[in-house]
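Asker: One letter stands for each residue in the lines below.
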Amino acid sequence: MEGKVRIGFYALTSCYGCQLQLAMMDEILQLLPHAEIVCWFMLERDSYEDEPVDIAFIEGSVSTGEEVELVKKIRENAKIVVAVGSCAVHGGVQSWEKDKSLEELWKTVYGDGKVKFEPKLAEPVENYIKVDYRIYGCPPEKKDFLYALGTFLVGSWPEDIDYPVCVECRLKGHPCVLIEKGEPCLGPITRAGCDARCPGFGVACIGCRGAIGYDVAWFDSLARTFKEKGISKEDILQRMKMFNAHNPKLEEMVEKIFQGVEE
Amino acid sequence: MKNLYLPITVDHIARVEGKGGVEIVVGDDGVKEVRLNIIEGPRFFEAITVGKKLDEALAVYPRICSFCSAAHKLTAVEAAEKAIGFTPREEIQALREVLYIGDMIESHALHLYLLVLPDYLGYSNPLKMVDEYKKEIGIALDLKNLGSWMMDELGARAIHQENVVLGGFGKLPDKATLETMKKRLSEALPKAEYTFELFSKLEQYEEVEGPIIHMAVKPRGDVYGIYGDYIKVSDGFEFPVEDYKKHIVEKVVEHSFAKHSFYKGEKPFMVGALPRLVNNAETLYGRARELYESHRDLLRPTNPFANNLAQALELVYFIEHGIDLIDEALAKWPIAPRDRVEVKDGFGVSSTEAPRGIVTYALEVKNGRVAYADIITPTAYNFAMMEVHVRMMAEKHYNDDPERLKYLTEMVVRAYDPCISCSVHVARL
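Going down the list, the protein sequences come from chains S and Y.
First residue of the first sequence? That's 1 in the numbering used here, and the numbers climb one at a time after it.
First residue of the second sequence? That's 1001 in the numbering used here, and the numbers climb one at a time after it.
Just so you know, not all the hints are guaranteed correct.
Stated by the list, open to error - Within a straight-line C-alpha distance of at most 25 Å, the following computed SDA-like cross-link-like pairs (lysine to any residue) qualify:
{"id": "1", "chain 1": "S", "residue 1": "K72", "chain 2": "Y", "residue 2": "H1012"}
{"id": "2", "chain 1": "Y", "residue 1": "K1171", "chain 2": "S", "residue 2": "E141"}
{"id": "3", "chain 1": "S", "residue 1": "K116", "chain 2": "Y", "residue 2": "R1035"}
{"id": "4", "chain 1": "Y", "residue 1": "K1218", "chain 2": "Y", "residue 2": "H1295"}
{"id": "5", "chain 1": "S", "residue 1": "K227", "chain 2": "Y", "residue 2": "V1341"}
{"id": "6", "chain 1": "Y", "residue 1": "K1032", "chain 2": "Y", "residue 2": "H1295"}
{"id": "7", "chain 1": "S", "residue 1": "K100", "chain 2": "Y", "residue 2": "H1012"}
{"id": "8", "chain 1": "S", "residue 1": "K4", "chain 2": "Y", "residue 2": "L1127"}
{"id": "9", "chain 1": "S", "residue 1": "K181", "chain 2": "Y", "residue 2": "K1218"}
{"id": "10", "chain 1": "Y", "residue 1": "K1134", "chain 2": "S", "residue 2": "K116"}
{"id": "11", "chain 1": "S", "residue 1": "K143", "chain 2": "Y", "residue 2": "G1138"}
{"id": "12", "chain 1": "S", "residue 1": "K116", "chain 2": "Y", "residue 2": "K1218"}
{"id": "13", "chain 1": "Y", "residue 1": "K1332", "chain 2": "Y", "residue 2": "L1166"}
{"id": "14", "chain 1": "Y", "residue 1": "K1218", "chain 2": "Y", "residue 2": "F1239"}
{"id": "15", "chain 1": "S", "residue 1": "K114", "chain 2": "Y", "residue 2": "T1009"}
Claimed, not checked - So the derived list for chain S, only partly shown, Cβ under 7 Å to chain Y, looks like this:
{"id": "16", "residue": "L43"}
{"id": "17", "residue": "R197"}
{"id": "18", "residue": "V203"}
Unchecked claim - Which bits of chain Y does chain S cover? Going by a derived footprint, with three or more residues having C-beta under 8 Å, they are:
{"id": "19", "stretch": "1124 to 1137"}
{"id": "20", "stretch": "1161 to 1169"}
{"id": "21", "stretch": "1314 to 1327"}
Derived by calculation from the structure, the hints in this document are not laboratory data.
The beta carbon of each residue, even a glycine, is placed where N, CA and C say it ideally should be.
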C-alpha cells in the first residue's frame, strides 16, 4: 500500500478486549508513521465512523438495530473489512443461548423495563456484510495483530491457520489435560495460534479461537477419548457453543467426532 | 410553549471503554434534561449462564469486561467458592490478590495516562503525545506492561485469565518469577510516585463540587485491599455483602441498556478509588499513607475529579502491597497451586474492589450448574451519580460554546473511568 494507510477500528457490542489488546501493544508506536487512525473511539476523540478507510477492523457482535446500520456503513467505506475476535467472527459468548428468544432473555434480565434503542440477539458481523479476513481469539494474541497488520502493510494477505491447538500443545510438550486429567479439553478441535496457552497452565481449552473448519481435527481418536473419559456428546456440544454458537458446521463436527461411538 | 430546545449530544464518548453518549437538552430557562445514553447492546450474561456448568460459566463471566476481566474472574470465583463451601488457603488468596493488583496497576495506568491525561494536555489521542511527552508515555507503558506481565504469569494472560480455577490456580509461577515480580514492583514505585505528583497538579473542576455518598468494600483484616465481607457507606452505615439487595435497588431507565443503582431507594452514590480512600484511608500504610496525609486537601470527597488522583495514589499503594503479598506467599513456599474442591449445592455472594469500584456477584449452584446469577458492576453502581455530576457541569456551562460543554461533560464521565461494556449485561431485578 502506498502512502499512509487509513485505518478504522470500530466497536460493536463486546468487552472491548480486542481493542485493548491492540492498544496495549508497544509495537503500535512503530505502526504510527505508516498509518492514519480515522476512527478508534477508545483512544481517539476525533473519530469518524463514516469516513473512507483502507482497512476496517470491527470487533464485537451485532447486537442492536443501530449496529446493523453501522456495519453496512463501514463496509461501504472500507476497502478491506477484518472481523476481529470471537464476537465479530462467531457472535461471541453472548451467543451462548442463541436458540432462546430475545423476549425470554430480555424478560429474565430487564423484567418489564423498556429501553429506547432496539436490542437484538448477538450475531457475527458476517451475517450482515461480507468480511474479507478474520482474526480469531477471545482476545486475539498480539502476534495475530502483528501478522495481519504486517502483511496488509506490505500489500499481502494473511493466511488462516489450518491446524488445531493440539499440535502446538504437543510441540510444547505440555501434559495432556484431556488424556491425563480427563478434562473436556477442546484443543483437538480448536484453531491454533495461541501456543496452547491454557493447556500450558494445566487448564482445559475452552475453544476461544473457534472450531477449526478444515476437517483436520483428530476426530476419531478424540471421540474415543471423550467417550472413555465419560464426557458426553451433549456436554461437548454445549462447551463448543460458548464461542462457536453461530458456527454453521458446529453440530456436523460434533456428530463426526462421536460418529460410531455409542454413548 | 416558548421553550427552545437545543439538544447538545455526544453520540459516542471517546476514551472510555464501551459505547455511551451524553445528551443535554437546554430550554430557555436552563438545562432541562441530562442523559447518559448507553447504547452498547445487551449481552444477558446472567441469563445465558444459568443452567451451564459452573466452570464454564466462570470462564464466560470475565468476558463482561476486558479492562477488569481479572476482577470479574476473581469475584465470580469467590462467589462460587462461597456457594460450594470452599475457602482457599491464605497463600493462594494472597497470590490471587497479587493477580488482582496486576489488573489494578494496568487499568489505573491506562486510564490515567491514555484516557484522562490527553484532555488536560490538549490532545485528542494519547499516541500523539509520544514526541512531546516521552517520559509520561514511557511510564504509562512501563506500568501497563508490569500489570500485564503479572496477569500473564498468574492468570495465563492479561485479558480473560483462564488460570484461576475453583480451588486455586491451574499452575503457579516458580519462586524465581515471584522474586522477579517483587523486583519489578520495587522498580516501578518511583514511576507511580511520579504519576501521583503529575496528577496532583491537574485541575479539579469546582463546578461539580458537592456532597457524595461513597461506597466501598470494607477491607478484610483492616488492611487496605481488594477483598472484604462488608460494604461500608460514607454515612457510617455498614452491611454484609450478602445483604446488597436490601440496601441497593436497581432500576431500568429508558435511555440506557444499563440499569441505575440507588442507595436507600433513591440516593445515587459513587464507587471507585476515591470512595475507597474516603472510607478506608485509615487502613492504608507505607508511602501511600504519607502521600494521603500530605495531600488530603486535593483528595476531596466532594469532587469526582479527585478520583483520578485517588487512582494515582493507589498505584503507589498497590505496588507496595503487592510486594508484601508476594512475601506472604513466599514464606510458605513451596505451595500447591490448587486444592481439590467438591462442588456442593449452595449460594454465595462476593463483592470486591475492581479498579473502578465495587463489583458484586451472587451465584447459586445446584448439581454442578449455575442455578441463579446476579451481577452488578462498578459502572452500573455509578451511573446515577455520574449523571448528577454531568448535570452539574452542564448547568454551569450550557451557555458556553457547545464544543466546550461537550469537552467538559466528557471529562466528568472519564473521571469515573466507566466500563460501559461491563455495565451492560445487567442484573436481574
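Asker: Check whether the Cα positions of S:K72 and Y:H1012 lie no farther apart than 25 Å.
Answerer: holds, 18 Å
Asker: Holds or violated: are the alpha carbons of S:K116 and Y:K1218 at most 25 Å from each other?
Answerer: With Cα atoms ~37 Å apart, S:K116 and Y:K1218 exceed 25 Å; violated.
Asker: CA of S:K143 to CA of Y:G1138, is that 25 Å or under?
Answerer: holds, 22 Å
Asker: Are the Cα atoms of S:K4 and Y:L1127 separated by 25 Å or less?
Answerer: holds, 16 Å
Asker: Compare the distance between the alpha carbons of S:K181 and Y:K1218 with 25 Å, and conclude whether the hinted pair is satisfied.
Answerer: Cα-Cα ~39 Å, so violated.
Asker: Does Y:T1009 sit within 25 Å of S:K114, going by the straight-line distance between their CA atoms?
Answerer: holds, 22 Å
Asker: When the nearest CB of chain Y is found for S:L43, is that gap smaller than 7 Å?
Answerer: holds, 5 Å
Asker: Holds or violated: S:R197 as interface residue toward chain Y, Cβ cutoff 7 Å?
Answerer: Constraint on S:R197 satisfied, holds at 6 Å.
Asker: Run the distance test for Y:K1032 versus Y:H1295: straight-line Cα separation, threshold 25 Å.
Answerer: violated, 37 Å
Asker: What's the verdict on Y:K1218 and Y:F1239, does the C-alpha distance respect the 25 Å limit or exceed it?
Answerer: OK: Y:K1218 and Y:F1239 at ~10 Å, within 25 Å.
Asker: Could you grab the alpha-carbon distance between Y:K1171 and S:E141 and see if it respects the 25 Å cut-off?
Answerer: holds, 20 Å
Asker: Between the stretch 1314 to 1327 of chain Y and chain S, see if three or more residues pass the 8 Å beta-carbon test, and mark the coverage as holds or violated.
Answerer: It is violated: at least three residues are needed, and the stretch 1314 to 1327 of chain Y offers just 0 whose Cβ sits closer than 8 Å to chain S.
In this structure, the hints that do not hold are numbers 6, 7, 9, 10, 12, 21, in rising order.
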